[in-house]
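Trainee: Chain by chain, the residues run as shown.
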Amino acid sequence: MRQPLLRLSQITKSFGAVRALKGVSFELHPGEVHALLGENGAGKSTLIKVITGAHQPDGGTLEIGGTTVSNLTPTRARKLGIACIYQQPALFPDLSVSENIGLRLEGGAFFAKVHWKQRRKNADALLARIGAALDPETPVRSLSMPEQQLVEIACALGSGAKTVIMDEPTASLTQVEQELLFGVVRDLRASGAGVVYISHRLEEIFALADRVTVLRDGQSISTRAVRSELGAMELTEEELISLMVGREVASIYPHRGGSPGETVLELENVCCAAGGIANISLAVRAGEILGLAGLVGAGRTELARVLFGITPADSGTIRLLGRNVQVRSPQQAVSLGIGYVPEDRRRHGVILPMPIAENMSMAVHPKLFPGKWLRFEAERALGLRFIEELGIKAYGPEAPGGSLSGGNQQKVSLARWLATEPRLLILDDPTQGVDVGAKSEIHRIIRDLAAKGLAVLMISSDLPEVLGMSDRIAVMRGGRLVETFEGSTATAQRVMSAALRPS
Amino acid sequence: MASLSPSLKKNVLRHESLLLLVLLLEFAFLCLYARNFGTPDNLSNVVRHSAEIGLLALAMMPVILTGGIDLSVGSLMGLCAVLFGVLTHDYHLATLPAAAVTLAAGLFAGGFNAFLITALRLPPLIVTLGTYSLFRGLAEAITQGTKTYRAFDPAFLSLGETRWFGVPLQAWILTAAAASFYLLVHRSTFGRSFRAIGFSPEGARYAGLSVQSRTALPYLLTGLVAALAALLFTARLRQARADAGTGYELCAITAVVLGGTSIFGGVGTLPGTLAGIAAIAVLTNGIGRVPAVFKAGIGGELASLLTGALLLVALAGPELARVLSTRSAKISPSPKTL
Ligand SMILES: Nc1ncnc2c1ncn2[C@@H]1O[C@H](COP(=O)(O)OP(=O)(O)OP(=O)(O)O)[C@@H](O)[C@H]1O
Ligand SMILES: [Mg+2]
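As you go down the protein sequences, you meet chains Y and B in turn. Under our numbering, the first residue of the first sequence carries the number 1, and numbering increases by one thereafter. Under our numbering, the first residue of the second sequence carries the number 1, and numbering increases by one thereafter.
Okay, chain B solo, but in the shape it has when bound (with noise of 0.2 Å):
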């Protein structure tokens, strides 16, 4: 596995080290002038703080990479947040079984969208809008809006503050999830038919591939990283509710397109996603530390105005460097290719 696939060389010559850039940039700003931002322990923080957002970017990627979205992944979150404290609190279920049902139900609701979406062929934004508000909705009604779950076993709640060789366990896990899903989109023939129904799954099926189960697959992934994500966030902050996750099916989103993933699907680069999460997590991190001069009296709201001046920069920036130099030509191969 010495050589980067072709496709992926191509792409990280564009979007992505601009990206990086912007990110070495971000970092160093922060660094020379946020408080306290470039200490080991604030870099733990800034991992630890990100793990669910960064965890359910990494799984919406190969969604978008299909052509399709998923909407649901926050409310989702939050259900089986309530679900792992129902099974704990009310069944008196042990934290690793409970773990495991969760995560199982999880996996249920992502099929649930990944049916809706290959065997009744509805589109995904509506789907997962759907679901979205359904999920949310049952986890409401489960704790009647208001029961907060606490009384977790000590060791899982210890869970949210392990290092191993000094490094918070949320980093081990992003790390091991970015991995997995590297080689599935990168390395698989699975991520080579998510490209190719996201750019066309009429050329797709023509060509012999099973589209209904290439499409469904990445789906199946975000609903099970979603328990995943609300298993972690209710071991580091301690509680269970029915509002976790909420806003962060946007956030995940943001991280892919702002990593290069098209909306429109068939291009992206899982390393561009890692950026875009990176920029997102060092930037809503480090703005609070930043002193007030720089925050032109905004204060608090300015991390998501400069994520969202960033995403709209690095999307129309290339867009539109390629519209002026090339008005033409629709398809011209780099010449750094040849």
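So that you can see chain Y by itself, here it is in the shape it has in the complex (with noise of 0.2 Å):
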């Protein structure tokens, strides 16, 4: 048997008094991909910030390649040969992808000369090896966060590290991306690396994972062969999710709403330079899912910045509600009833040092607090509404946004909109990074808001959810609306190839 990767055995870890880690014990072996699985807030990341040096775990042991090692930093880790791409991408924003790809790999002598030729080579190699169209050159802060994502993944190809840890990478990729990483980690794999990887989405830790460790609260539940020596499924997706939440979710789709009512959004031929999106047209219906689809940079997430003013339109109708409207700030799109949940969480969902109460509260002051005055019951009872609504796990409306985990921020994201009780509501991903049993909670409120006469318009990169929720299917390539299916008689196929098909 060869020397374990990483062994961790009862690590203990608290916040305060929040207790993210109760004793979890987790072994990675070198050639295999080892699933981390667990529900919002079980303390997943928290956990690879044990394993790269980013938290002190507060009690047991972690050895690396076979020795015990204590006050682990993030160099050391790096010099160990751990890589991780982190759930939240680290980039620094106001520096061009190969800068950022070159401060990650390149060793750090103090008055190292730097070679721009080899960098952007570098670069340029590492990003097509994961098949990204991304210009090296451009600034990190215009990237979005698939991109980023993307950024982050050639990062950690590009280390030869022998432990790469990914959190959630594929929470705002699609299908295709995620083909393109999947190659990426079987890679890695085949050179004899191990690869600890964190997902929600169950049918990826089938395709990928050798074996899965199932967190619940704080602690390791059991770890599991995905396969049999001669490759035979040893588990099955209800199993995981039983030892996930220690009890059977549905995880199937709400039926589809009745006949839809009243157009409340018309577009006609709305264009945007600045977003890249030309000669848009299309309706969205009271009680009415329209699914947006579409491959990164394909100009999804730019229609819904136009539709909420945050880059407005340059030319083209926008009618609400039979009414010609002119959006020029989120602001105004608030007060026309849209809502719009945001593609990037931490930069634009949730302001993180801020309570969630606050964050939740923050479209919907002037409903709140009429006279301008504060009301801090109505801003709890609010908060504790929706942490139970949405079975956020926090320690009380008043824990600020940035002590929940993940797929528990995006909630209070979520829950800011839904506060507002909007005509029309913008969904971007709305269960990026949120766990099976949440994510069909909220496709169940979504579905009910619906069927309550609010009209979606649903962007999301994971291609089973918008087959499951969508009436329509709208699909977008290359910031232009190229083809609509009924949802009833949409498949993956279709959906794909209307995305992909060479303009």
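Just so you know, these hints were derived from the structure itself, not from any lab. Every value quoted in this text rests on a predicted model; they were computed, and no experiment measured them. All C-beta atoms in this analysis are idealised placements derived from N, C-alpha and C, irrespective of residue type, glycine included. Mixed in with the good hints, there may be bad ones.
[As the list claims (entries may be wrong)] Label-pair ranges, simulated between beta-carbon atoms:
#1 B:Q144 x Y:Q326: 47 to 55 Å
#2 B:E319 x Y:P93: 21 to 29 Å
#3 Y:T75 x B:E301: 40 to 48 Å
#4 B:A28 x Y:P93: 43 to 51 Å
#5 B:L21 x Y:S242: 48 to 56 Å
#6 B:A141 x Y:A378: 49 to 57 Å
#7 Y:A128 x B:E319: 40 to 48 Å
#8 Y:P370 x B:E319: 37 to 45 Å
#9 Y:K372 x B:L21: 31 to 39 Å
#10 Y:Q326 x B:A155: 50 to 58 Å
#11 B:R121 x Y:A128: 35 to 43 Å
#12 Y:P370 x B:L21: 36 to 44 Å
#13 B:A155 x Y:E421: 54 to 62 Å
#14 B:A28 x Y:A378: 39 to 47 Å
[Stated by the list, open to error] Calculated from the model, a selection of chain Y residues having no Cβ within reach of chain B, i.e. all distances over 10 Å:
#15 G60
#16 G65
#17 H115
#18 V176
#19 E203
#20 A207
#21 A232
#22 L282
#23 A286
#24 N324
#25 V325
#26 R494
Both chains are given apart, each in its own frame, so use the hints to dock them into the complex.
Mentor: Written out as structure tokens, the structure reads:
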């Protein structure tokens, strides 16, 4: 038996009175993909941060390559051959892609000469290997979430690490980039590296992982092989889910609604040069969920930003409930009854240092505080209501957003816009990073709201979600709307081929 | 309005309580050792002499809370003082209309800062550094750098000495201003927006807050308050000159930062700012009265030396303690709030 790359036993970690890890044991062997699975707030990201030295454990032992290490720092972890793609891309926004990659990968000698050409070539090669069509000279600030995630993946790949950790790398990637990533993971495995892989998409775990460890409430519940020696599946999806949540969860999508009502949103030839979209015409009716599919960079998020007034349209008409409107700012969009759950929750969805109740009330100030005086009891009640309704794991409405796990932050971002009771709700990957149980709960809530007359425009990088939830599916490619399908007749193949077809 | 706002509660437990302790120690020391420090007369003086800086600091706090800064308040005081002098002397306006025009001018000057910052999206530091020179330059141009206005209405000049119920007028004005700013910052949706903008302007925009108008408001208020401070200053010194309020912007900023407001925006409380104002006011007044043995031969500059030291200790202390105790956790809930 070869030496394991990592061996953790009985790791504990608390934040103040929150016990994030209560005793986790975990092993990673060379040449295996080991999935880490658990509900939102189970402690996955915290465990990862212990392995990368970002957090010091309170107790337990951590062995890397057979030697026990204590007082691990991120720099030392890197030297010991550990690379990590964090759940939240942690790139320098003002530097270019190649500079970011260079900083991660090149040695840090004080007066080391920078070989710009070499650095660029390196970045080019890495990006090409993962199939990302990105210019290495673009500043990271102007990249979208999924693009940043691709850069992170390139960094991890280029590090030549023996242990590569991926915390929800696909949370905002679509099928195509996901396949590219899978290729990378398989290459790593074949080269003898070990991969720790976290994802809430169970199908990915079945496609990739050799073993899976399930965490529940900060404890490792069990470690199982996904496949037997002969390659037969040893686990079912139901088994995994019940290990994770300790109960059965229906992973089916809610029934589609009845006949939709009046037209809520109508677009005619909407163009926005800044967002790179052109000639968009579509309609969303009350009670209807319109899914918006496409690859990363197809212009889905850009369209949402136009509708929410962040980058206003240059030309074309936007009609809301039959009236021509100009949406020039998010503030105006809110007053028109438009809500937008953004793609990038850490920058736009939640103000991390603020308490979650304050985050949830932020878009309903005029309604909740009519005289402009704050009403703390009403705000607290709002916070408690959504903590209950969405099953948010936090120690209270006064917990700062940044103290929540990724999936729970996503629920806060969603709660803010559900609280506004909008007429049109634009969802940009509403369930990214959300665990299976909460995901179906959110789907049910969205469907219920639609049944009450809400019009929903749903962008999702998760194709099964688009297929399962949408009444109609519009496909975008290269900033244009290329095809629309009825939800009941759409299939993954048809949607994908519309999204991919070269123009 | 029985309960403290949640964010206030948390902060009161940290920086501000430490500062209050320092303030009490300072006060006790001065009462024991400084000549005539604790007399009612002297305490009135402390308030009278620190009223202008106190007002500026109160108005500065929301600006810094939004992540901005206003360096022009001291210069604006000079400009407003001169304007008031010109209006009463050269245009023979009565005190009340002249004061009203002066206040309006302050508001307008604040609006000018706000316009450059919000509509043209220029950095507050640059904009107010510009108006810092501009306003002072205007004041000096009007007075040719030499003219001093002295012939004010006696009723106006007596404001500097007025007492209500034995308490100087300045104390009443400071109290009213502190209460108003408290309500604005901690009780109204404006204050909430300031905080959100201070933490993340982009995040606030995506939440549908009117970032531009909420960023502009604090600068309007600093302008108005600078004009008010100029009037009080003129009444107290019985003269208006172009150099009124020189260096006051830095004193005000020091008081706010000493009071626990983060220069990066988002974090801070108004009671903290009050404690910061008090700490500086008491120190400035008391040090002059301390016997020479305590002064280590430094003399007059001791007050500013100590203020600087206090600021650095107050800021570095908690940060150092935090870094040493939790080297890893960035945002950990304080156990006291659980
Ligand atoms: N810095 C922190 N301060 C306070 N509590 C924290 C902090 N970081 C994490 N926690 C808490 O620790 C628990 C575990 O969080 P963690 O981020 O590890 O969950 P996760 O399994 O990665 O969840 P998700 O699937 O949503 O990403 C959560 O209850 C969270 O609120
Ligand atoms: Mg996580």
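Trainee: Evaluate each hint against the coordinates.
Mentor: Do the hints match the structure? See the list:
no.	hint	in the structure
1	B:Q144 x Y:Q326: 47 to 55 Å	holds, 52 Å
2	B:E319 x Y:P93: 21 to 29 Å	holds, 24 Å
3	Y:T75 x B:E301: 40 to 48 Å	holds, 44 Å
4	B:A28 x Y:P93: 43 to 51 Å	holds, 49 Å
5	B:L21 x Y:S242: 48 to 56 Å	holds, 55 Å
6	B:A141 x Y:A378: 49 to 57 Å	holds, 53 Å
7	Y:A128 x B:E319: 40 to 48 Å	holds, 44 Å
8	Y:P370 x B:E319: 37 to 45 Å	holds, 40 Å
9	Y:K372 x B:L21: 31 to 39 Å	holds, 35 Å
10	Y:Q326 x B:A155: 50 to 58 Å	holds, 55 Å
11	B:R121 x Y:A128: 35 to 43 Å	holds, 38 Å
12	Y:P370 x B:L21: 36 to 44 Å	holds, 40 Å
13	B:A155 x Y:E421: 54 to 62 Å	holds, 57 Å
14	B:A28 x Y:A378: 39 to 47 Å	holds, 43 Å
15	G60	holds, 15 Å
16	G65	holds, 23 Å
17	H115	holds, 34 Å
18	V176	holds, 28 Å
19	E203	holds, 31 Å
20	A207	holds, 34 Å
21	A232	holds, 42 Å
22	L282	holds, 23 Å
23	A286	holds, 22 Å
24	N324	holds, 21 Å
25	V325	holds, 15 Å
26	R494	holds, 34 Å
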